[in-house]
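A.B. asks: For the sequence shown, this note's numbering begins at 6 and goes up steadily by one.
For the record, the hints were derived by calculation from the structure and aren't laboratory data. Every value quoted in this text rests on a predicted model; they were computed, and no experiment measured them. Think of the CB as a built atom: it goes at the ideal place given N, C-alpha and C, for glycine as much as any other residue. Any given hint might turn out to be false.
Said to hold, decoys possible - Listed below are the simulated BS3-like cross-link pairs for lysine-lysine, each with C-alpha atoms no more than 30 Å apart in a straight line:
| id | residue 1 | residue 2 |
| --- | --- | --- |
| 1 | 137 | 52 |
| 2 | 13 | 52 |
| 3 | 52 | 63 |
As the list claims (entries may be wrong) - Label-pair restraints from in silico Cβ distances:
| id | residue 1 | residue 2 | range |
| --- | --- | --- | --- |
| 4 | 35 | 136 | 34 to 42 Å |
| 5 | 146 | 53 | 37 to 45 Å |
| 6 | 154 | 93 | 33 to 41 Å |
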Amino acid sequence: MGGNRNGKIKTVRNIFLVWLLTGIWHGAGWNFILWGMMLFVILITEKLFTGSFLSKHKIISYIYMFILIPCSWVFFFTDNTEEMKIWFTRMFGLISVDEMKNISTSDVLVYGKPYIPVLITAIIFCIPRVRKYVFVLLRKKIVGTVMCVILFFLSVFYLASGLENPFLYFRF
Numbered sequence: 006m007g008g009n010r011n012g013k014i015k016t017v018r019n020i021f022l023v024w025l026l027t028g029i030w031h032g033a034g035w036n037f038i039l040w041g042m043m044l045f046v047i048l049i050t051e052k053l054f055t056g057s058f059l060s061k062h063k064i065i066s067y068i069y070m071f072i073l074i075p076c077s078w079v080f081f082f083t084d085n086t087e088e089m090k091i092w093f094t095r096m097f098g099l100i101s102v103d104e105m106k107n108i109s110t111s112d113v114l115v116y117g118k119p120y121i122p123v124l125i126t127a128i129i130f131c132i133p134r135v136r137k138y139v140f141v142l143l144r145k146k147i148v149g150t151v152m153c154v155i156l157f158f159l160s161v162f163y164l165a166s167g168l169e170n171p172f173l174y175f176r177f
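Full structure from sequences and hints, please.
C.D. replies: Next comes the structure, spelled out in structure tokens:
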């Protein structure tokens with residue numbers, strides 16, 4: 006297909022096909038195709054318009070991804086437009102006062118609590134000085150290996166502790 010060596014039009018076509026097929030591969034539903042198309046639009050927008058700006062302004066690029074990627078997940082796990090509308094409305098605080106009465110602080114704490122350590126860790130590792138220090142440690146063979154093993158087991162433990170539903174792909 007030529008990768009990105011044969012001009013912008015073929016590059017756009019190839020990225021489109023990759024994300025279309027990725028959406029279809031994930032499931033037989035329009036939501037997966039929408040998810041793939043959203044990621045296609047994000048990539049093409051970066052490649053053609055915003056890439057150099059985002060690479061110069063790292064903080065803006067983090068915020069940009071922190072907003073867009075969770076938005077793409079809404080397309081991935083919802084089956085219909087009504088559910089999508091509800092999710093986007095709640096994500097961006099566009100709900101009425103009457104609807105806010107149904108959301109309590111305890112709900113936010115109960116459902117958000119497991120993600121707090123991950124969020125704090127992600128924020129810490131976005132700090133350039135911390136990231137540089139971690140990369141120096143990872144280059145040391147024994148320290149790097151031990152850190153990777155610990156991270157692997159923590160990840161498996163964290164994932165396993167949150168499994169109430171069967172693995173996503175078993176539903177198809």
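A.B. asks: Run every hint past the structure and note whether it holds.
C.D. replies: Results of checking the hints against the structure:
For the proposed pair residue 137 and residue 52, the alpha carbon gap of about 27 Å is at most 30 Å, so the pair holds. Between residue 13 and residue 52 the CA atoms are separated by roughly 10 Å; this keeps the pair inside 30 Å, and the hint holds. About 16 Å separates the Cα atoms of residue 52 and residue 63, which keeps this hinted pair within 30 Å; it holds. Distance hint check for residue 35 and residue 136: the Cβ-Cβ separation is about 38 Å, which falls inside the suggested range of 34 to 42 Å.
Checked against the hint of 37 to 45 Å, the pair residue 146 and residue 53 passes, with Cβ atoms roughly 42 Å apart. With their beta carbons about 39 Å apart, residue 154 and residue 93 fall inside the hinted range of 33 to 41 Å.
Of the numbered hints given earlier, the model fails none.
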